[in-house]
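K.L.:
Could you slot chain B onto chain A? The hints should help.
Protein chains: 2
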Amino acid sequence: MGWVMAMVLATTAHADEGMWMPSQLPSIARQLRAAGFQGNPADLADLTQAPLSAVVKVGGATGSFVSSDGLVLTNHHVAFGVIQYNSNAQRDLIQNGFVSHDRAEELPANPDFRLRVTTGFDKVTDKVLGAAKGKTGRAYYDAVDAASKALVTECEREPGMRCSVVNMFYGRDFYLVKQLELRDVRLVYAPPRAIGNYGDEVDNFVWPRHSGDFTILRAYVGPDGKPADYAKDNVPYHPPAHLQIASQGVREGDFVMLAGYPGVTYRHRTAAEFADQVQWRLPATVDVLRQLQDVIEEVGHTDRQATIRYASQLQSLKNNIKRFSGELDGLKRSDAVAIRRKDEDAMLSWLAAQPSAATLRPQIDEVAQLIAAGNATRERDLLLAVMQTQTQLMRSALTLQRLAHERAKPDAQRESGYQQRDEDLTAGMLRQVQRRYDPKVEKQLLASLLTRYQKLPDAQRLPEFDAAFGRSPAELSGTLDKVYAATQLGDEAQRLHWLKAEPAELAKSNDALLMLVGKLQPALLRIEEERKAREGDLLRLRPAYMDALIAYREKQGRAVYPDANSTLRVSYGKVTPLEARDAVVYHPLTTTAGIVEKNTGVEPFDAPKPLLDAIARGDYAGYADARTGAMPVDFLSNLDTTGGNSGSPVLNAKGELVGLNFDSNWEAVSASWMFDPRYKRAIHVDLRYMRWLMDKVYPAPQLLKELGIPAHAAP
Amino acid sequence: MGWVMAMVLATTAHADEGMWMPSQLPSIARQLRAAGFQGNPADLADLTQAPLSAVVKVGGATGSFVSSDGLVLTNHHVAFGVIQYNSNAQRDLIQNGFVSHDRAEELPANPDFRLRVTTGFDKVTDKVLGAAKGKTGRAYYDAVDAASKALVTECEREPGMRCSVVNMFYGRDFYLVKQLELRDVRLVYAPPRAIGNYGDEVDNFVWPRHSGDFTILRAYVGPDGKPADYAKDNVPYHPPAHLQIASQGVREGDFVMLAGYPGVTYRHRTAAEFADQVQWRLPATVDVLRQLQDVIEEVGHTDRQATIRYASQLQSLKNNIKRFSGELDGLKRSDAVAIRRKDEDAMLSWLAAQPSAATLRPQIDEVAQLIAAGNATRERDLLLAVMQTQTQLMRSALTLQRLAHERAKPDAQRESGYQQRDEDLTAGMLRQVQRRYDPKVEKQLLASLLTRYQKLPDAQRLPEFDAAFGRSPAELSGTLDKVYAATQLGDEAQRLHWLKAEPAELAKSNDALLMLVGKLQPALLRIEEERKAREGDLLRLRPAYMDALIAYREKQGRAVYPDANSTLRVSYGKVTPLEARDAVVYHPLTTTAGIVEKNTGVEPFDAPKPLLDAIARGDYAGYADARTGAMPVDFLSNLDTTGGNSGSPVLNAKGELVGLNFDSNWEAVSASWMFDPRYKRAIHVDLRYMRWLMDKVYPAPQLLKELGIPAHAAP
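First to last, the protein sequences are chains A and B.
Heads up, the first sequence is in this note's numbering, so the first residue is 1369 and it goes up one at a time.
Heads up, the second sequence is in this note's numbering, so the first residue is 1369 and it goes up one at a time.
These are computed hints drawn from the structure, not numbers from a lab.
This one's a predicted model, so the numbers in the text were calculated from it and none came from an experiment.
Nothing false has been slipped in among the hints.
Calculated cross-link-like contacts (lysine to any residue; reagent style SDA-like; alpha-carbon spacing at most 25 Å):
id: 1; chain 1: A; residue 1: 1686; chain 2: B; residue 2: 1968
id: 2; chain 1: B; residue 1: 1517; chain 2: B; residue 2: 1502
id: 3; chain 1: A; residue 1: 1700; chain 2: B; residue 2: 1978
Taking beta-carbon pairs under 8 Å as the criterion, some of the chain A residues facing chain B (in silico):
id: 4; residue: 1576
id: 5; residue: 1957
id: 6; residue: 1958
id: 7; residue: 1959
id: 8; residue: 1961
id: 9; residue: 1962
id: 10; residue: 1965
Non-contacting residues of chain B with respect to chain A, defined by C-beta distances greater than 12 Å in every case (computed):
id: 11; residue: 1428
id: 12; residue: 1495
id: 13; residue: 1632
id: 14; residue: 1748
id: 15; residue: 1766
All residues carry an ideal CB built from backbone N, CA and C; glycine is no exception.
For reference, chain A alone in the conformation it holds in the complex (with noise of 0.2 Å):
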């Protein structure tokens, strides 16, 4: 496609873009049938009834029960956690994989490993809002905060039911999500690392891909069909619905669609909230957290100790680095910035002859005026975030000192984070720094963020933290060496003493950096305290460019789904290739051809033996394309998803599974804020491999007879 065209095309709104509530798809029933969808778009609208109902949470992302029996089909990487727990030296199930060959043989899972069935979904905005309406600010937000507890707090009094209170288009409508937690979760079936993970970090984020990136897990209850710890006596569950798996694949150009919990995305954030995104947030977080990669290098140079120390602390950097780049790179490929102010310039022109203009006007303006003051202290605030996540001691002391803060509260009315659910976290937390701590990095990487934050003009900066650090880099470096040399936060023992400790004991501490914290933390409070006043604000405003927005599109023919807050969505599309540059065309479907290419026999391009042995023979009988008589792998569509969709079921039109999702493609990293019609692609399993796997290199006859997957055994 053309280049000039193809700026055309990103300019219009484009059909398959969406992440829509179940209860949004009657309404797009016209445009849902006219892509190819065969059933009826009523019976998707109750996300609690049959079919969606089979689609479950677990973890932060998605599965689907398979069977009457409570298998449940997810990502390998989803269940990875699971798999390691099972694992060991003498019985590597990571390597080797796990068939049960019956259910007496399936694995229990990590006891802190959770599927969570939705039971209900019911809007209780007015309940939301109703002590909130007239106020403004921290009240606000208090308000929604406190009737949401209240709402959640009643909802759970049922036993084995995980409640939350969400928000849908910033604060416009509110739902109360009820959900069926299940305790007992047991392994099932999952290939080896190089069939579920073939590729890793290298084929991260790549098309085309080669990774049966699946894993079959089976859900259990009591005896008494309750959910329940693991027993040996439970049995399995009876899920309200399950899908079934197609005995066709499919082709380029097919209609599929896709059920799951995607995690959040900003596309109806403002014009101004992209520009700060795309010109200021995305270079600039990455400028910093670049100088701190420079920091663990240099040290790395001659120090091993401290290079393992912070090993893993550098990978999250680099990642981080290399995820925001990819980020800030498509949204400038996409002219996400002039095509959002366009469109938002439209849609207030529109408005200003409206009647409703009145009312939302002077309120989109409002939202406008708090994002500019927000961004008013965005450097400080950047850097001050970054001091809390990227240091150890320093994070430490932050977190006692403002532990201590909020023990003087009822627990109900602490910080989320700091009530008393939350320490066996904090613990953790703490008891880590041991492994991940060099007082010289730790120091440099203070200084390369303070001498930053001492560069800001007056307004952005902290008379508290002028007072601690000093005003020059000389004053800041011999703080720091002061404190670090005195502290005995060092010591995991007495990091633990302190977690326990009164409040009191805290307040009187001579500790070194302790005592500087304490100095500090009336600064972090009051910002705190600003930034919940004005996103107390925000909650009560956005709603208006919401309405306005909802209302401009309805002009253009077009519905609006809200942004992802992992609550359960549909997107629908088709298999689709990908142009993804000038001349480079990626097919939608990979073959195990691709996986003997890729094949260096060295980790991660290191396909089991039986894997190779099945390509080499070519036993395709049922499973390869009747046509090219090549055997699928994976599949590419233009699904709409974003992180939290892992695991979940791609379905055809007439909604029989075809695929898992599993990833997206590197183009694609940007699009939770614009979706871009031409690199925004979903990555699958076909589940034509999953099957042909289970039949003929990794047999479990069984398990497609419970998912009633006919077998294809050579005669």
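P.N.:
Below, chain B without anything else, positioned relative to chain A:
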């Protein structure tokens, strides 16, 4: 295409393979027409007649006449020396390009730049082999050499002619090539570097490509019409023929053909030579070169000065390692060894039943024995060859001692490279030493190579080397330290003095390195003598292998082209996409959209502003693809090419110029040994891009007129 299916294809003869001698084209007329050629193949049979007489040799590459007044089209990278010669700080033609507005502005090339127009191509097999008949070994070699030299001397009596004897099918047929050598060549039109070499090393061997790799020169002769050195009064040369630029472009699947001077291929080498190349030579060479790379990089950690001196050698080592590794990967991917072995076995089985077997088979067996005999010392020979090319002082000493040895003979009988006409080149080499030499590094390079040598079995080692360097690394190291501390070869004046000195002075010299090399020289001369004897016998015997192969192919209904040897060849095929890997397809045409996509503003992706502006304007009328509206840049074909084909004209079915060959794809780096139709592609400038640049971006209306191309200027 599935992997299994592709494997089958690769074992089948492929119609598009072949670098045909023009005289062969009438014999393959049927397949040429079937492929789409619309002309008369008989018209292409004589390379001294139109249209092939328009194809000229430009240095080691190719060009073609494109006007009756001597305009020559070739690559930017082929004419780069001419552009560089005319560039300086005030007038940077590399950076800015060059447009001559009338003939007076045309700029003379560097004085050693030559165009060669082939005017004769006569079979001289009988004359060359007459005196060799009945001889063997070195005598056979010398007889062929003497007869060839005599023919060349005779031929070059005509002023302005450059002659050579070339052999086809490894000694089966000999031809006398007569070429008119044009010495006054001028620069007429060159795009800026950032167009002519857009992407540079990053895109080298890469498709999709976006280079405008073309330059236009003009040949001049004296007022008498004869070749002459540059002079103001010279007049444009009127070539015997010139090519016409097509008014239409190409599309995927279109017939194309190409004429040029491919350098060297090994397609008809024996199965044993294929096995040697893949199983030993490429991996061993990469291993040795990597060891040298390690030595240089290791020193670089601590010695900045040495790093700079060896930067160019290191770059060259890396390039060679990459290239050889790519060739190895390609030959393995194509399963070249097994396929060639199977083919040769089939040929020998077929031959066994033929009457000719009685005479051919013994000779073929003798070829195999000679190859095996050469391989018996291949490890040693590789190390000695690398020692002579990858050192500075050692190479200087070897060259000076050999020169002294050769000077004892009449000039005509000296080894080529050591004749009087070679001494300027040698002096240049001896001068360069200073900038590329560090004694510490050279000693380590030699230690690395000679330690390997010391581990070779007795049968491969040489008494002279053992005596000079000892049998242990310690002795070796001691010798190198002593010799390099004592030699005066590090001094440039001294080296140049020895270059001019009488052989007797060198013989008496007590310079440590010259003396050492003096002791090694008898061994090196002995090895060379053995090699020439073997080569003489191979020259005598390989024709039997070729006779058998040609007869066997004839029975298969296939003609055989001779391996490339820098003589004019024609290949034909079509505009072809590349399926480089599973699910990855490269379209055969790139567009200006790709220039914008790749552009970073930083070299080598720094497209000039006039180009970017013209793309933004999108004024492509008369040039863009009618169907897509896209403006083509480069295109891809399956034409059979190798090094030397740079600048080759690419013609359409009517024989009109549609493209200019300038590179091949990375997957085709193994094509010098085997043409794999799945991967072998050639990369061409689309002449629509050239015409558009000359019309709209850096206009040269008078040139377009001379080229007979309509301009499409805006009204």
